[in-house]
Amino acid sequence: MRQNINEFVLICPRNDEEALQILKIAKKICLPVVISQQPHGAKLDKEPNLLSRIQEANPEACNVVIVELPGLKTEDELRKQGYELVIIDHHRYEETDRSNDKSSLHQFLKFMQISDSDLRDLGFDPEMVHAVAIMDAEFIWGLQKRGFSNDAIVKILNYWRKLTLELGDKRRQKEENEAKKVWQNRQEKGDLIIVKSNEDNISIRDALSFLLAQTYGKPKPLYIRQGNRRVYMQDVGRRVAEKLHEQFGGFLFGQNKCWGILVDDSESLPTLEEILEAIQGIPWQT
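Start counting the sequence shown at 581; every next residue gets the next number (our numbering).
Honestly, the hints are just simulated from the structure, not real lab data. No false leads were mixed into what you were given.
With a straight-line Cα cutoff of 30 Å, these simulated DSBU-like cross-link-like pairs (lysine-lysine) come out:
id, residue 1, residue 2
1, K682, K660
2, K754, K604
3, K653, K823
4, K623, K823
5, K626, K776
6, K750, K761
7, K604, K742
8, K607, K626
9, K760, K798
10, K607, K750
11, K653, K682
12, K725, K769
13, K800, K760
14, K750, K623
15, K742, K776
16, K742, K607
The calculated label-pair distances, taken between Cβ atoms and stated as ranges, are:
id, residue 1, residue 2, range
17, K607, R741, 15 to 25 Å
18, D656, G770, 40 to 50 Å
19, E853, K607, 46 to 56 Å
20, S848, K769, 17 to 27 Å
21, G662, D749, 34 to 44 Å
22, K769, P706, 36 to 46 Å
23, I862, K607, 41 to 51 Å
For glycine and all other residues, C-beta sits at the position ideal for the given N, C-alpha and C.
Build out the structure end to end from the sequences listed, making use of the hints.
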């Protein structure tokens, strides 16, 4: 394990299971932390009073580790203050490409030099920790691809569920209820599953992924629209996702096989028709 932890501050959101796992490990190794309360789509430039919070977390810090909070302007400002930055991410955004074959959790473990033996000493099950990283990047399909048994996958999903509920059981219940409601009204256009919700202040993407897995047992292209703020295209393949990113901006996730966009009230989302026109002729899952 890295010995100079007292020289670092970690900035990390608490908005999904992988981020929560990182924060749990950080707490165990006594790594000073600034926790972002932003939901999915978090930006470093939107983080309030960041410099003072870093200094409060660790006045001696000279290195800042930033997890999945893109923000080139604020990053430059921190460098001007004398901080060395370590960027941990695996997504592609409009303003910068931070794609990485390794999940953010795996990057964090490697940078902090935390071995499986260290994880056990800290009270974690290494298999569960690594499974969280796989789930974040590739969902259940990544576990299946790596040969996890059905019993192991059930154990992993139970562990994942505990993390989910720790993030907020009331919020999760609302997400799951909305996901179940709109899933009943899903439509299919060829291989594409279409789901629409009027709720745009919560994210039902994760809950819908589990419903899709339960219903079909394999990856299928999924279009999700939530009100006038969110659109996702999941499991569509890299060529489709990259074309949508090129055409409409937004961000890539899920090993660049998924695309999403979040807009402010003053902006408009691309319609399903515009999306399908942009990717016409490109096969799914390529």
